[in-house]
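With the hints as a guide, dock the two chains, each given alone in a separate frame, to form the complex.
The chain contents come next:
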Amino acid sequence: MHELSIATHIVAVAQEEATARGVEVEAVHLRLGALSGVVVDSLLFGFEIASQGTPLEGTRLLIEEVPLTIYCPTCEAEVELAGIQSLRCPRCGELSGEIRRGKELEIVALEVKD
Amino acid sequence: MTKTPRILEVRANVLKDNDLLARSLRERFAQSRTLVLNLVSSPGSGKTTLLRQTLLELSPRYRVAALVGDLATDNDARRLAESGAPVRQIETKTLCHLEARMIEEHLEGWDLRQIDLLFIENVGNLVCPSSWDLGEDLRVALFSTTEGEDKPLKYPTLINTADIALITKIDLAEAVEFDHEAMYRNLREIRPGIEILEVSGKRGTGMAAWLERLEGALKAKRSQH
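Here the protein sequences line up with chains A and B, keeping their order.
Letter 14 of the first sequence, counting from 1, is numbered 14 in our numbering, and no numbers are missing.
Letter 124 of the second sequence, counting from 1, is numbered 124 in our numbering, and no numbers are missing.
This is chain B alone, in the form it adopts within the complex (with noise of 0.2 Å):
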C-alpha cells in the first residue's frame, strides 16, 4: 500500500511581493497625489505617439513624466523627451512585462511630489503585463483601429483588468473598414461597462475627450487626499 502524502494547507498568493510592493507604491503615489496610468497595448498599436502627445499637450499646465518599457534600445524615451517632460527607459532585457519593482528601481531620485500625472508605457505585449499591478490609478489597453475588430476577443485577460480601452489610430478607420460597433460588442462582453475612447495622437481626433478624462481623474484623485 503507498502511504497517502501529507498535505499541509497553504494559502499564498504567488504574485504577493508584486502586489506588496504595488500597494505600497499606490501609497506613495496618493500622498504625492500623482495620477499614475499603466498604458498597454501590443506593439506597434500607437502607444508611443499617443503619449508623446498627450505629454505634449498637458506639460503647459501639469507636471508630466513617464517611465517606459522596453525589451531593448531607448528609441521611445528619446522621442518621448522631445515633448520636454522628464522620461526614463526601462529596458527589461527578455522580461516581457513590467514589474512593481521595476518601477520602484526607476522612480530613484524623482520627486514624487513634483509629478501631476506619471504615465507607465509597459512592454508591447497583450498578455504578460495583466498579471503584474503596478499600483497604477488607471490601466489603459490600447487598441489601434488597424489590429481588427477581433483583437479584444484574442486578449481576454487583459481587458478583464482594464478601466479604459483606446482606441488608436481612429483617422485609419475607414480605410481599414473598422467596425466600431463589432468593436464596441467585443470590449463590453469581456469588460461590461468598460469607457471606451477613441483617439488619433496623429491627428489630434479625440485627444481633447482623452485630455479631459485625465484631468478629471487627477482632480478627483486630489480631491480624495
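Bound conformation, chain A alone (with noise of 0.2 Å):
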C-alpha cells in the first residue's frame, strides 16, 4: 500500500505551501488522475494516519477524480475514457497513446482559515 507514502507527501508538501504563504490549513485540494495508481479511499485513510501529530492533524482531503482522457487523431478531439484498461476511442475505435488527462497526483487549493 503505497497511499500512505504518497500520503505522507501530500501532508508534507501542503504545510510546506502553507508556511511559505503564513496560513492554518482547513483542508487539503487534490486532483487525482484515473492513471495515479492511488485507491481513493486507502488515500484518505493514509491521509488521516499521516497528518496526525503534524499542523495538518483534522485538516480534510478534499479530492477530485480526473478521469482518462487521450486526444483522438481520427476524431481530432478529445475524448473521455469510462476506465483506464483500454486506451481505444469510444467513438471511432483507434488506440491512441497520447494521453491528455489522468496522471494528476497534485495539491490544487488550500482552504485556510482567515
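If you are wondering where the hints come from, they were derived from the structure by calculation, not from laboratory data.
Certain hints may be false.
Label pairs and their calculated CB-CB ranges [as the list claims (entries may be wrong)]: (1) B:ALA209 with A:ARG100: 29 to 35 Å; (2) B:ALA208 with A:ALA82: 38 to 44 Å; (3) A:TYR71 with B:GLY84: 43 to 49 Å; (4) B:GLY204 with A:GLY58: 56 to 62 Å; (5) A:GLY97 with B:GLU215: 25 to 31 Å; (6) B:SER223 with A:ILE63: 43 to 49 Å; (7) B:ALA182 with A:THR19: 47 to 53 Å; (8) A:ARG100 with B:SER24: 27 to 33 Å; (9) B:GLU177 with A:VAL40: 36 to 42 Å; (10) A:VAL39 with B:LYS202: 32 to 38 Å.
Below, computed lysine-lysine pairings styled on DSS-like, alpha-carbon distance capped at 25 Å [said to hold, decoys possible]: (11) A:LYS103 with B:LYS16; (12) A:LYS103 with B:LYS151; (13) B:LYS151 with B:LYS202; (14) B:LYS154 with A:LYS103; (15) B:LYS221 with B:LYS154.
Glycine residues also receive a C-beta, built at the ideal position from the N, C-alpha and C atoms.
The following block contains the structure:
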C-alpha cells in the first residue's frame, strides 16, 4: 500500500505551501488522475494517519478524480474514457497513446483559516 | 449563514521531491553515460533469474552493476553477485517500492563513470512502483507466461509507464497454454505500440534480442552525450 507514503508527501507539501504563505490549513484539495495508481479510500485513510501529530491533523482531504482523457487523431478531439484498461477511442475505435489528462497527483488548492 | 472558506490556489505536484531528485540522478547518469534500467514486476516473475543471466552475459564486454530492492533479506543480491558484477541490496523494510532517494543513497561510493549499465530491480509489486521515477532511461515491465494473459488489464497503471514489456518464462508458454495474441493485444490496448520481447532467462531463449536491445540503447545514449 503506497497510499500511505503518498499521503505523507501530501501532508509535507501542503504544510510547506501553507508555511510559505503564513496560513493555517483547514482542507487540502487534491486532483487525482485515474492513471495515478492511487486508491481513493486508501489515500483518505493514509492521510488521516500521516497527518497525525502534524499541523494538518484534523484537516480534510478533498479529492477531485480526473478521468483518463486521450486525444484521438481520427476524431481530432479529446475523448474521455470510462476505464483505464484500454486507450481506444469509444467513438471511432482507434487506439491512441496521446494521454491528455488522467495522470494528475497534485495539490490544487488549500482551504485556510481567516 | 456559514462563512465561505477562503481558498488559496496552489499548484504542487505531490511527488515533486522525488521527481526533482530523479531529475538530478538522470543528469548524473547522463554525465557518466550510464544506461539505467528499472525492472518492475510482480513477485516470482523471474526478474532475478533474468537479471543474473543478463549480468553474466554482458559482463565480459561491459561494466555492469545492479541495485536490488526487496522488503527484507539480501538473498537476491547474493544470487546476483554470483555473476561477479557489483550488486547492492536495498532493503525497504515496509515500503512496497523504491524511491529516488534510496537510489541516491545506495550509489554512494560507486564511480558511475565505471558503470556502463546499471540495473535497478524494483520491489516485486505491480502497483506501487509506477508513481516513482528513479531517473532511469528505460522502465521494463516483466510478465511471466505463468501469470496469465490478463495480468496487464489488472495493472494498467504500471504498463502505462513502461517502455518495454518483457514476457518471461517463455519456455513454459506451451505447458501453460499461454495465449501470445491475447497478451500482445492486452498490452497494446493500454500502451499502444509498446515494445514487447519474449525471453527465458533459464533456457536462454530470446536473450540475444534482449541483449541487443540493451546494447542499442547504450549506444544511443553514448552518442547523445
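Do the hints match the structure? See the list:
no.: 1; hint: B:ALA209 with A:ARG100: 29 to 35 Å; verdict: holds, 34 Å
no.: 2; hint: B:ALA208 with A:ALA82: 38 to 44 Å; verdict: holds, 42 Å
no.: 3; hint: A:TYR71 with B:GLY84: 43 to 49 Å; verdict: holds, 48 Å
no.: 4; hint: B:GLY204 with A:GLY58: 56 to 62 Å; verdict: holds, 59 Å
no.: 5; hint: A:GLY97 with B:GLU215: 25 to 31 Å; verdict: holds, 26 Å
no.: 6; hint: B:SER223 with A:ILE63: 43 to 49 Å; verdict: holds, 45 Å
no.: 7; hint: B:ALA182 with A:THR19: 47 to 53 Å; verdict: holds, 52 Å
no.: 8; hint: A:ARG100 with B:SER24: 27 to 33 Å; verdict: holds, 28 Å
no.: 9; hint: B:GLU177 with A:VAL40: 36 to 42 Å; verdict: holds, 37 Å
no.: 10; hint: A:VAL39 with B:LYS202: 32 to 38 Å; verdict: holds, 35 Å
no.: 11; hint: A:LYS103 with B:LYS16; verdict: holds, 14 Å
no.: 12; hint: A:LYS103 with B:LYS151; verdict: holds, 21 Å
no.: 13; hint: B:LYS151 with B:LYS202; verdict: holds, 22 Å
no.: 14; hint: B:LYS154 with A:LYS103; verdict: holds, 17 Å
no.: 15; hint: B:LYS221 with B:LYS154; verdict: violated, 33 Å
Consistency note: the structure conflicts with earlier hint 15 alone.
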